[in-house]
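> Given only the sequences and the hints, what does the whole structure look like? Please build it.
Sequence order for the protein chains is Z and F. In this text, residue positions in the first sequence follow our numbering: the first is 1, and each later residue adds one. In this text, residue positions in the second sequence follow our numbering: the first is 1, and each later residue adds one.
Note that these hints are calculated values from the structure, not bench results. Since the structure is predicted, the reported quantities are computational estimates derived from the model, not experimental observations. Hints are supplied without guarantee of correctness; some may be wrong.
The list makes no distinction among identical chains, and a pair is therefore deemed to hold if it is satisfied within one copy or across any two copies.
[To be verified] Below, simulated DSBU-like cross-link-like pairs (lysine-lysine); rule was C-alpha separation at most 35 Å, straight line:
hint: 1; residue 1: K402; residue 2: K364
hint: 2; residue 1: K427; residue 2: K364
hint: 3; residue 1: K402; residue 2: K132
hint: 4; residue 1: K78; residue 2: K287
hint: 5; residue 1: K8; residue 2: K78
hint: 6; residue 1: K288; residue 2: K78
hint: 7; residue 1: K127; residue 2: K322
hint: 8; residue 1: K402; residue 2: K127
hint: 9; residue 1: K8; residue 2: K18
hint: 10; residue 1: K449; residue 2: K78
hint: 11; residue 1: K444; residue 2: K8
hint: 12; residue 1: K249; residue 2: K283
There are 2 protein chains.
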Amino acid sequence: MRRDELTKIILPEEEIPKFWYNVQADMPNPLAPGLNPQTLQPLAPADLEPIFPMGLILQEVSQERFIEIPTPVRELYKQYRPTPLIRARNLERVLDTPAHIYFKYEGASPVGSHKLNSALPQVFFNKQQGIKRITTETGAGQWGTALALACKLFGLEAMVYMVKVSFYQKPYRRSIMELYGASCIPSPSNQTANGRMALEKDPETPGTLAMAISEAVEDALSREDTNYSLGSVLNHVCIHQSIIGQEVKAALEMVEDYPDVVIGCCGGGSNFAGIALPFIPDKLAGKKIRLVGVEPAACPTLTRGVFAYDFGDSVGLVPALKMYTLGHDFTPSGIHAGGLRYHGESPLISQLYHDGLLEAVAVKQNPAFEAAMLFAQTESIVPAPESAHAIRYAIDEALRAKEEGVARTIVFNLSGHGFLDLFSYDKYLSGETEDVELSDEEIKRNLGKLPQVP
Amino acid sequence: MRRDELTKIILPEEEIPKFWYNVQADMPNPLAPGLNPQTLQPLAPADLEPIFPMGLILQEVSQERFIEIPTPVRELYKQYRPTPLIRARNLERVLDTPAHIYFKYEGASPVGSHKLNSALPQVFFNKQQGIKRITTETGAGQWGTALALACKLFGLEAMVYMVKVSFYQKPYRRSIMELYGASCIPSPSNQTANGRMALEKDPETPGTLAMAISEAVEDALSREDTNYSLGSVLNHVCIHQSIIGQEVKAALEMVEDYPDVVIGCCGGGSNFAGIALPFIPDKLAGKKIRLVGVEPAACPTLTRGVFAYDFGDSVGLVPALKMYTLGHDFTPSGIHAGGLRYHGESPLISQLYHDGLLEAVAVKQNPAFEAAMLFAQTESIVPAPESAHAIRYAIDEALRAKEEGVARTIVFNLSGHGFLDLFSYDKYLSGETEDVELSDEEIKRNLGKLPQVP
Chain Z
1 MRRDELTKII LPEEEIPKFW YNVQADMPNP LAPGLNPQTL QPLAPADLEP
51 IFPMGLILQE VSQERFIEIP TPVRELYKQY RPTPLIRARN LERVLDTPAH
101 IYFKYEGASP VGSHKLNSAL PQVFFNKQQG IKRITTETGA GQWGTALALA
151 CKLFGLEAMV YMVKVSFYQK PYRRSIMELY GASCIPSPSN QTANGRMALE
201 KDPETPGTLA MAISEAVEDA LSREDTNYSL GSVLNHVCIH QSIIGQEVKA
251 ALEMVEDYPD VVIGCCGGGS NFAGIALPFI PDKLAGKKIR LVGVEPAACP
301 TLTRGVFAYD FGDSVGLVPA LKMYTLGHDF TPSGIHAGGL RYHGESPLIS
351 QLYHDGLLEA VAVKQNPAFE AAMLFAQTES IVPAPESAHA IRYAIDEALR
401 AKEEGVARTI VFNLSGHGFL DLFSYDKYLS GETEDVELSD EEIKRNLGKL
451 PQVP
Chain F
1 MRRDELTKII LPEEEIPKFW YNVQADMPNP LAPGLNPQTL QPLAPADLEP
51 IFPMGLILQE VSQERFIEIP TPVRELYKQY RPTPLIRARN LERVLDTPAH
101 IYFKYEGASP VGSHKLNSAL PQVFFNKQQG IKRITTETGA GQWGTALALA
151 CKLFGLEAMV YMVKVSFYQK PYRRSIMELY GASCIPSPSN QTANGRMALE
201 KDPETPGTLA MAISEAVEDA LSREDTNYSL GSVLNHVCIH QSIIGQEVKA
251 ALEMVEDYPD VVIGCCGGGS NFAGIALPFI PDKLAGKKIR LVGVEPAACP
301 TLTRGVFAYD FGDSVGLVPA LKMYTLGHDF TPSGIHAGGL RYHGESPLIS
351 QLYHDGLLEA VAVKQNPAFE AAMLFAQTES IVPAPESAHA IRYAIDEALR
401 AKEEGVARTI VFNLSGHGFL DLFSYDKYLS GETEDVELSD EEIKRNLGKL
451 PQVP
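Laid out in structure tokens, this is it:
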């Protein structure tokens, strides 16, 4: 079929990647080592064993370019992968742009987001090590939902600490996690010492991902049969998500196209890493390709944070990582893109951004919703508010192409659908969503509390 | 690829059918004519012109076997079709059945159900005739959502009367319709004379599809630029949905399989017609294949109704049709499968059922939810409560295959996902869903009010 005829490009099932891609093999500058949060000395793999299985720890530090996907994981990927790469023909027409706009539809996963790509292998490697129960945090709820399902499919228990503001903004997220057999409570909770302390300090806190992580890790440390699982940020998560970008490359080859710009929304970094990092070898080989992460202006980690060691959680239970950060005490406002409310950024994304291989922009909430509405009314899919950030930039890029009268190929990751975010659209439609402006002082205040690394 | 290896069978985009299939060309006994609701005399096509465009009226009475799909409709089908046919490998494993279980995943449509298959052509033919605004009713909200999107894509206004009990059970259905630019109000409403009368009679009524139809038709009759649109029951709707079954046949050929039994849940009949009727020619040619409609025990139109002329709405504004019916005054209890709460049944399904070519069974709400939970926890997709009825029967059939030690191929239509039905799952999980038993008297009472046809 000619490249200009197809709307959906769907790879055959046998072309689901057999290997994950690990960008560490190709990085011009290696990652700085993680530090033990107590001693602030470089981490030994054994430091991670109380909460992670060895299979994932080995991936975390692996320098291998390709890591084989275990058969049971790949069999479950077949329930929804390869996801379609869709040409946004109606959107192109309405924008009257010479650009080709494609989106990779990760919302096609049964949980409605890309998060299942990492939940399945994480639970698999935990099960392999005899773990019976997994704790985690969730922001918007997409990660918690994915982990709940993956635990059910592999026969493990799941316990999800959900950031309080999202728990109430997205009430049916709890329902779907329970339907998949998981427990889900708002964080901070009174189930952990860290949660109780946070509630004492501020009973009205909207919660943060960093606090929910502290609670989930505390819970995991307290039980022998329990491990902790993280849905973004860490290297092994970015590795798992690499199947997104690998599929995008193969699908574009089918229609003889190649991206000028690849876009992902960016919170902890997993979906941006997933779509963008498999293009790093091309970029290093001299291909002219831009890789752009889009973060919320209310939580502008890459664009206004610093590249420094910081804790991933709010109380310093997990390793200190060198990353772009707004400080582990930063509490972003309760924007509707709950999955992007994280103070830090994946160390892989951070290092590559620092080295000039990735770009970043920040987008305000209302322009993101406006782009999401246009997308829904032309391409029919209601996007998650997180993904709306990527759409905003893709549309702006297509409009620039129009202004300049130059064709270009734009690809973005539609990391999730918005069927469980209609509450947020209601707020937007009734004019109740605010565009928060962060002052320089507010950003500086939290950056003053970074750990002092020797 | 060998038939036993694939999990998802996805036809190439160019194999989206180019023609709808019209079973009227193959029926052993023709449909009884529709009757003018005032005179109860056979309907002339002109009787339908005040509310339907000529393109759809011609389809309604067509005896042609194949009807060409207009290019603009087929282009929009490409946004989500062909939908995948998925082998339920995990469910098979858990049931330990020798049966092959496949499901056609119509929830893959951007609105989450099969309804868009008919909304797109209905709006297209209305636009072709210069209509600017379309009214409709919706039960669970799936049809209203599809019509809202189709109107937006073709640039028409949409006005949706939503059955009151569903409006409050599924609050975010209104949000998504508004996001697509439609207006949506609970029915009975005070916007129409029929609605006001119904509210006077019983301000607490949960509403019925029949009443919502009366309101939508009254609205359409009152404005020159406005037509009415129906999401099920009528011949042209069943014709549009035939792309489901046609795709199923082609996909099964790819893996060299053929169904012993094809299953669809059954309210007005459109998704059951869609998956089942394209197999009628095979059955007439002697193939041993069972086609089973699954209705809710709380609204058992085929299994406990009568085959007689009745009105499609509650006040007799739309033609009287010969169909299985529980009487146009029947108010089904507020079960969560709101899309199956209709007193009548598609005349096509009714006639073919009467002639022994289709089967029907009734399923109670709790066993349907129980089946849906097992499905979600093995096949990962959360089904709409309507589709759960089909799953219940598919599982029972797979268990019978196991008991009998005989392999068989079971195919059902997963007509929609349940992301907007989590309220209902909450109720089920907290033990608040009831199994209604209808007495013979209750059924007889409403059947006493059928129109007396001369």
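> Give me the numbers of the hints this structure contradicts, sorted from smallest to largest.
The structure conflicts with hints 10, 11, although it agrees with all the remaining ones.
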